[in-house]
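Protein chains: 2
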Amino acid sequence: MKTYIGIDLGGTNVRVAKVSETGEILASIKSASYGNEGVEKVLSNLKSLVREIPNWKNCIAIGIGVPGPVNTKTGAMNLETNLPGFQGYPLAGELKKEFGMPVFIDNDANVAALAEAMVGAGKDFSSIYYVTISTGIGGAFVWHKQVISGSHGFGGEIANIIVDRNREKINYLNVGAIENEDSGTAIVRKGKALFPQEDIQHAGQVFQLAKQANPDALKLKAEIVRDLGQLFATISCVVDPEAFVLGGGVMKSADLFFSEVIESFKTQSHTFVGDTPFLMAECDEPGVIGAAMLPMSQGL
Amino acid sequence: MKTYIGIDLGGTNVRVAKVSETGEILASIKSASYGNEGVEKVLSNLKSLVREIPNWKNCIAIGIGVPGPVNTKTGAMNLETNLPGFQGYPLAGELKKEFGMPVFIDNDANVAALAEAMVGAGKDFSSIYYVTISTGIGGAFVWHKQVISGSHGFGGEIANIIVDRNREKINYLNVGAIENEDSGTAIVRKGKALFPQEDIQHAGQVFQLAKQANPDALKLKAEIVRDLGQLFATISCVVDPEAFVLGGGVMKSADLFFSEVIESFKTQSHTFVGDTPFLMAECDEPGVIGAAMLPMSQGL
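Quick note, the sequences are listed as chains A and X, same order. According to our numbering, the first sequence is numbered sequentially starting from 22. According to our numbering, the second sequence is numbered sequentially starting from 22.
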């Protein structure tokens, strides 16, 4: 059975695993990533972790997931996001030189999507659009088990899609961008403004207040539902995936709001498209498993 | 050299051509399609046209483009649009039985996009998103020379993407759907309302009035530019194509408005993505050429 090294490199932690071609984790190590200590420290730590994996030399390739968009052609990160110094650094090439095997790189949302498409909720579908609603909102399109990362690594970077022009300017993203309106961060921001007496810490609290028929919470929830329904309808117009797969912390409160999002999606979509299934992500460790699956998705 | 039969079947006309693997039209016949006279008449006419192509038996496969979304799995049209009776009719299967060769079917916008990707403006790119701004607004995503038609044949059916919720209800499409706001039909509708004294017949006249600094025309043009810029920015967020290829009648007036659409796209996109090229469609006969390319794109 073929085995692969999967690396999930974040700003705070890094996880390295040996993964089988069926997505089973055979060995795994977690460590601090030393993201703030610069490229050299991050790399030397990463290299020694790989060498700790039993029989790592028997693996046929390495896959690595990193935060933010990646130039899959040069094997470098486009934006350093949580890993200062890594913008433009040839990370894939450096690991290839070190370990003498092919190295593939993509961003963490794309990698998680690939895990879902290969061995998770999307494994029986020929195409999925993965959407994660968490601190931010990200996604990835996986078609015939290949991530469509896009020309600049921005395929699936849906955070900046405008759902309503008539909102406030929040940050560098477009006015009315979905991430500023309907991510976990955005829902907490709006919840805190509406309910200063409550200690709003996560999106689920807003949906709970709506469940208790609080009129302001119901109104906010209706806006979120419509925004997200529109986002999914827009994605379907662009690529019409066979299924949506949903991940991210906000989806932990799915039972409090998500059936209404699906209804909203239907009312904003052509009849035929309205039957597209929405599935919950299933992988426990999509970061390392998806990273390990990158080489396989490229034919290795 | 391999040759293919390409069929461009519309509600009014049908064109059948023998096309080489490099996209050259070797023989071609045009006829009325008898779209209003029912399935039997349309098919008997189509079959005799194919038999008129010299040495049609030497062609290795048939590709057919039809109006509206197609179920590429069943080889049938999802909506009959301009061809009454054809909804759900197994058109590809019927032609396969008749001519004893593989038959592939897709909608006309997808087929035109494929022609551009294979032998037209997009031939040097690994992925293109084709957008046609004409009576309606359509599109198609072609990735590694394969059309991503989508699960229900609605991939690229971008007409229904909402660009601004705060518009009028026009028809069955979403309020603020791009087709109702910025297609040729929509621009003429708005132009007629604003300039009843002018005989507005096509979008170019509105852009001409803007060029003459008519304040109402400038305002309308600014809205169109922003809407279209947002549409392209949205598509880039979803799949980040290597290039956009533009077709359709409204693009005949490109010099009067389109550079501003590209600027608007840039202001609504991440910096990296802003350099995505916008190319004008190049194929003279994308309908038959693209149809003929369908089998090739599937490996034949």
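These are computed hints drawn from the structure, not numbers from a lab. The reader is advised that the hints may include incorrect statements.
Which copy is meant is left open, because identical chains are indistinguishable; a pair holds if it fits in one copy or across any two.
[What the hints assert, rightly or not] Below are the DSSO-like pairs computed for lysine-lysine, each with C-alpha atoms no more than 27 Å apart in a straight line:
| # | residue 1 | residue 2 |
| --- | --- | --- |
| 1 | Lys213 | Lys78 |
| 2 | Lys166 | Lys144 |
| 3 | Lys213 | Lys68 |
| 4 | Lys287 | Lys23 |
| 5 | Lys94 | Lys190 |
| 6 | Lys240 | Lys190 |
| 7 | Lys213 | Lys51 |
| 8 | Lys94 | Lys273 |
| 9 | Lys94 | Lys287 |
| 10 | Lys62 | Lys190 |
| 11 | Lys117 | Lys51 |
| 12 | Lys232 | Lys118 |
| 13 | Lys94 | Lys211 |
| 14 | Lys117 | Lys78 |
| 15 | Lys117 | Lys211 |
- So which of those numbered hints doesn't the model satisfy? 1, 3, 4, 5, 7, 8, 10, 12, 13, 15
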